[in-house]
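Got two chains here, separate frames each, mind docking them using the hints?
As given, the protein sequences belong to chains A and B, one line each in that order. Per this note's numbering, residue 1 is the first one in the first sequence, and the count goes up by one each step. Per this note's numbering, residue 222 is the first one in the second sequence, and the count goes up by one each step.
I should point out that these hints are in silico values taken from the structure, not numbers from a laboratory. None of these values were measured; they are calculated from a predicted model. For every residue, glycine included, the Cβ atom is placed at its ideal position computed from N, Cα and C. Check the hints yourself; a few may be wrong.
Looking from chain B toward chain A, a few residues come up when the C-beta cut is under 8 Å (computed) [claimed, not checked]:
(1) 364
(2) 379
(3) 384
(4) 388
(5) 394
(6) 398
(7) 434
(8) 658
Okay, derived cross-link-like pairs now, SDA-like style, lysine to any residue, Cα gap no bigger than 20 Å in a straight line [unchecked claim]:
(9) 373/B x 200/A
(10) 152/A x 107/A
(11) 373/B x 199/A
(12) 152/A x 454/B
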Amino acid sequence: MSPLSPDAVHTVIDDLGALLLFTMILIVAAGQIYRAIYSVAAQSLLISIAGAVLATATGNPDLWVIAGITLAVKAILLPWVLHRVVQRMNVRREVEPVIPIAATLALAVAIVVVSFQLSASLGPVRQAITGNALPVGIALTLTGVLVMATRKTALTQMVGLFASENGIFFTAMAVTQGMPLIIEIGVILDVILAALVMTIMVLRVRSTVDADIADLDRLRG
Amino acid sequence: MNPSLSLLLLPPLIAGIVALVVRPYRRFVAWVSVVCAAVSFAASVALAVAVVQAGTPDDPVAVSTLWRVDALSALLAVCIAFVALLASALGPGLGGADEEDPARMRQFRIFTNAFASTMLVAVTIQNVALMWVAIEATTITSAMVIPLTRTKASVEASWKYLLICSVGIALAFAGTVLAYFDFVATAGEVPGALNWTVLRETARVLHPQLLQTAFAFVLIGYGTKAGLAPMHTWLPDAHSEAPSPVSAMMSGVLLAVAMYAIARWKAVVDAAVDPWFTNSLLLGFGLLSVTIGAFSLVIQRHYKRMLAYSSVEHMGLVAVGLALGPLGTFAALLHVVNHAVAKSMSFLLAGRILHRYDTTEIGGVTGLLRVMPWTGSLFAVGILALVGLPPFGLFVSEFLLIRAAIVTSRFWVAGVVLVLLLTVFVSLIAHLNRMLYGEMPSGVAIGETRSWPLVALALSVGVLIVLGVTLPQPISTLIAQSVRGVIR
Numbered sequence: 001m002s003p004l005s006p007d008a009v010h011t012v013i014d015d016l017g018a019l020l021l022f023t024m025i026l027i028v029a030a031g032q033i034y035r036a037i038y039s040v041a042a043q044s045l046l047i048s049i050a051g052a053v054l055a056t057a058t059g060n061p062d063l064w065v066i067a068g069i070t071l072a073v074k075a076i077l078l079p080w081v082l083h084r085v086v087q088r089m090n091v092r093r094e095v096e097p098v099i100p101i102a103a104t105l106a107l108a109v110a111i112v113v114v115s116f117q118l119s120a121s122l123g124p125v126r127q128a129i130t131g132n133a134l135p136v137g138i139a140l141t142l143t144g145v146l147v148m149a150t151r152k153t154a155l156t157q158m159v160g161l162f163a164s165e166n167g168i169f170f171t172a173m174a175v176t177q178g179m180p181l182i183i184e185i186g187v188i189l190d191v192i193l194a195a196l197v198m199t200i201m202v203l204r205v206r207s208t209v210d211a212d213i214a215d216l217d218r219l220r221g
Numbered sequence: 222m223n224p225s226l227s228l229l230l231l232p233p234l235i236a237g238i239v240a241l242v243v244r245p246y247r248r249f250v251a252w253v254s255v256v257c258a259a260v261s262f263a264a265s266v267a268l269a270v271a272v273v274q275a276g277t278p279d280d281p282v283a284v285s286t287l288w289r290v291d292a293l294s295a296l297l298a299v300c301i302a303f304v305a306l307l308a309s310a311l312g313p314g315l316g317g318a319d320e321e322d323p324a325r326m327r328q329f330r331i332f333t334n335a336f337a338s339t340m341l342v343a344v345t346i347q348n349v350a351l352m353w354v355a356i357e358a359t360t361i362t363s364a365m366v367i368p369l370t371r372t373k374a375s376v377e378a379s380w381k382y383l384l385i386c387s388v389g390i391a392l393a394f395a396g397t398v399l400a401y402f403d404f405v406a407t408a409g410e411v412p413g414a415l416n417w418t419v420l421r422e423t424a425r426v427l428h429p430q431l432l433q434t435a436f437a438f439v440l441i442g443y444g445t446k447a448g449l450a451p452m453h454t455w456l457p458d459a460h461s462e463a464p465s466p467v468s469a470m471m472s473g474v475l476l477a478v479a480m481y482a483i484a485r486w487k488a489v490v491d492a493a494v495d496p497w498f499t500n501s502l503l504l505g506f507g508l509l510s511v512t513i514g515a516f517s518l519v520i521q522r523h524y525k526r527m528l529a530y531s532s533v534e535h536m537g538l539v540a541v542g543l544a545l546g547p548l549g550t551f552a553a554l555l556h557v558v559n560h561a562v563a564k565s566m567s568f569l570l571a572g573r574i575l576h577r578y579d580t581t582e583i584g585g586v587t588g589l590l591r592v593m594p595w596t597g598s599l600f601a602v603g604i605l606a607l608v609g610l611p612p613f614g615l616f617v618s619e620f621l622l623i624r625a626a627i628v629t630s631r632f633w634v635a636g637v638v639l640v641l642l643l644t645v646f647v648s649l650i651a652h653l654n655r656m657l658y659g660e661m662p663s664g665v666a667i668g669e670t671r672s673w674p675l676v677a678l679a680l681s682v683g684v685l686i687v688l689g690v691t692l693p694q695p696i697s698t699l700i701a702q703s704v705r706g707v708i709r
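So that you can see chain B by itself, here it is in the shape it has in the complex (with noise of 0.2 Å):
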């Protein structure tokens, strides 16, 4: 194995381990979590640059019987790895005035790790059984510590999540199994038979209607965990009660890591059959996914439930984009990057917001700015960043997508993106006044506590400017491998 896919996916298995060992829970364990979330971040952006020097997509690094990591890996890893060790710098159990129940930290510290590591598999894997085992592993782990503080409603929501997302990912293994199938029937068994790239390779000479089935299958099962309409059920409640680092983890990037999946299948089906299929399928189910996000979120009374809903919204652009030709797919997998950027800040300052105000209700929150003036004016930025308002990067994704369709000449789907992105941006705007402004309600503290999360949260938003401004040449590098990689 490769040093430096060894140092991304061991750190986070080793924290998980230290945390299930030691008990009862001691302090030292997240301080272990965060710092092999650093090791396995730096890691990541170690493969991601190797990759960048490598150069063309053919040429991965670190490659093995088992793994493969291109750029379109690097690139998921490293959206994965930055939001995990947000969520466990972020999360609890590292001192402060907020500390809970020791057996809850243990059990937050034990389940985000390792959700971490599934997530950090599934997209370095090359196997596509095994990459699903992982996103199911995903599932699981997410699922123990969604009902954290052990509400009726948080339990509820798990339970809901576990059975929507397990029938959704059976569903995608049916899918798998077919493609198989055909792989076995047609070309006999080879060694890595299931391995994408053998299977993209020989996808010429597979049945294009089984592949087609197929693909359908996979897209519904692995689109019910990416949350795109109408699978999105379980969503909502799922992002809103659970502690707010999962929420940043699953909203951030298990989301994408689904996407992901969707991404490589689309890579083999499109082998075999015309991409009309799979871009007129990531089409349909992208704008019905943007749509109801958007008009859910006009009538949202919870701002969590709020920032639940703009993924629902987010990931159904990332499904148009990646309908929409390379441009569209480079627009596509930007918007993956910045979607896990300003999302997952959003919810750690939600939880933030949360933790004071103790309502998970807008109109329970007013006079944000003069309560918490800095987790206010940031979570303002999140969500003026979500809306797509310059100068963060969101705008350049969204303005990239928009035109990606009218370069493929989908004039109809620019204008329909348009006219949605501009109620979302209508209907959050005017959540966010009504929480900024306004008459403090009594019994809230004033004043800001442990303010170096601040610090790493304000980091967040350095990123998403950047990404807005500039988008750095080693980046734009490393999402058009991804693409070419997906696209040929």
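Only chain A is shown next, with the shape it has when bound in the complex (with noise of 0.2 Å):
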């Protein structure tokens, strides 16, 4: 017996997603690293909330276990590394876009209207998936990819590649079913080492490399 009715579900996931895509333009038109960070962690933090939602409603305690990781991964750890490697290694704080702002702006919110199109046409899957989560995880993982390729500096590329996980992770969840733990928990070791590569990186270039630190702008996905 679950203690919500599925329309009130419906209703959080989708305000839940609503939510999600206002922290996905912040993250296009953030102009300081900082903002991209605060954002990406908003971002998970109301996934893991979602999670938590959809395990009170379908009593699946796997979506509890996922929700949990992605609030201590994605929300807090990730963030606070990124934000350390900011403090620690005084980069420069612009995020440094190859095309203005407001152009990837309007490319974001083109991505959305294609999203809700394409996922109108996918009938059948719309069925397995609670509310809006399909259109928006599509979103959110488009968006992503244009961050990562639009931005100059590796630190925003980064911010760009969770985003883009984000997606990915919110429509996985959002499934009547859920998928199998095992392989949710693949996947998050996967972002876990994914994002540790990366900071090692970031950090070799800056003690190995007899290069100034403005070089590390320069690093081109």
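And the structure:
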């Protein structure tokens, strides 16, 4: 017996989806690296809330585990590491877009529209997913890729990657049945490892390469 | 777990752990790696033999809830274990004049062993989502070892590789999730829902347009890892900046592992949709890759980048082959084997050349045949094999590929591929000529050092010739069984 009615879950997931899109816009619009980091932390927090809501609704204990890991790793640990890297390394705080931020914003809006269009055409899948989680997830993933492609600095590209993974996570969580736990854990492990590798690399550029830290900003994806 | 399978998967893991635990680095760590790689290779051969003896594609060996080794898995496992053994035996840390910093040798041993294990897991696991996890892990383990020399270029190459492949792999996951959604929505939650055998059995009742979308995601995602154009942009940088044994593993077998994932998904989607769909997508990406690879080779000025672009070209050929029915798939899989042997050998020789000449430019390497007569001749043999000259194996697989195009009456494919292969031939031979002959640059030492690696690489030449001249019965049986495993 679930304490939440399906309709209520539906509404909550849709509201969280709207907030997620809002944080994505904040990431795209961020001119300072700190803002991008805080926005992606907020986004991960929203995703762990969504996990908790779905766990309550479905009574699936796996979802609690996933929500907890997301909170610990993606909402707290990774943003903290990024924050420390920015503080310690005295990198330039500007985001340095390749194309103007306004243009990226316009592209992001286009992505959101296309995502809703695309998921409308995927009729049968929509049955299996709560609310608008599918189009929101696709939009987050693609916008994350957009951020990675249009930012020069290594750290902002990492933020884009995390946002992109958040999108996939959100959709995977909202399947009515949930993905098998072992797979979600595998995915999270990979995210942690990737973040670890990237951080090591960002630090290594500084410690072992006879290059100015300004060169870090020139690392292109 | 089947004993052969344990002996395949565990040794590289153990060697990696030994390298991790022993600190500071000692020489026996490298010997442990070599021995473990040899055990792993022997186990892969044993699995392949067991599969051939079992006979039918639907009767795999070593099946459990998690693992499944059929002909295709065994074929890939043999290639991976072979190249890993070669890279381990010829890698740094075994002694000799070119000893590097111990910390780097430790790092090399940890991550190449981890890299080999992740690749072996990817081809033997039967859950498509865990296969995805393993392939993502190959990116991480290999990215850690690319900047071994810690130059700015290698860190950049590694960064670019991580970032582009993470995006690619995220798309592949989206495709996997999409197929799983449809499965759960249609068939309900079934144990082993993500096993590709189960997916393939139920594919008929799934929604075709959905599986098509999923395949598009999967193809672009794993295609990024396989170096298919236009997602190949990371490949020339990563493969040319990595230490040569790592380049050999990445170019020789990692690309093939990504193609393996695509082949598995193609089998699932083809069970639900007319194969015309997957075939046209593969044909498109494949021909584009061959084209871009061929024309990049014409203007190439660095020999390691030249080998990297040659990999783009060859993966393109494999993709084209997979799209050309049973005969084409046979050619593609044979090509995977040939390419693994020829390309790993060429990269390892390129490492020796780089060590001696200390330049990556083709223009800087002259008089190679006089400076290093054996390395030079073997490198020449490697390039001649890669351009598809007889008596080497790649001639046979490329010939079969063209024949498959003609048999399926896609004459234009045969024509385009032939013209591009000719372009590759002319440009690679021209580059090779400039390296082999001419005046020796002053200050370069003459003569070979550490000649036993050359014996190992000469064995690779032997394998290529055997594959080209006779194509032994057990190998052709194994490949034929693999084909029946993916095409029904």
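Evaluated hints:
no. : hint          : in the structure
1   : 364           : holds, 6 Å
2   : 379           : holds, 6 Å
3   : 384           : holds, 4 Å
4   : 388           : holds, 5 Å
5   : 394           : holds, 6 Å
6   : 398           : holds, 5 Å
7   : 434           : holds, 7 Å
8   : 658           : violated, 37 Å
9   : 373/B x 200/A : holds, 14 Å
10  : 152/A x 107/A : holds, 17 Å
11  : 373/B x 199/A : holds, 16 Å
12  : 152/A x 454/B : holds, 17 Å
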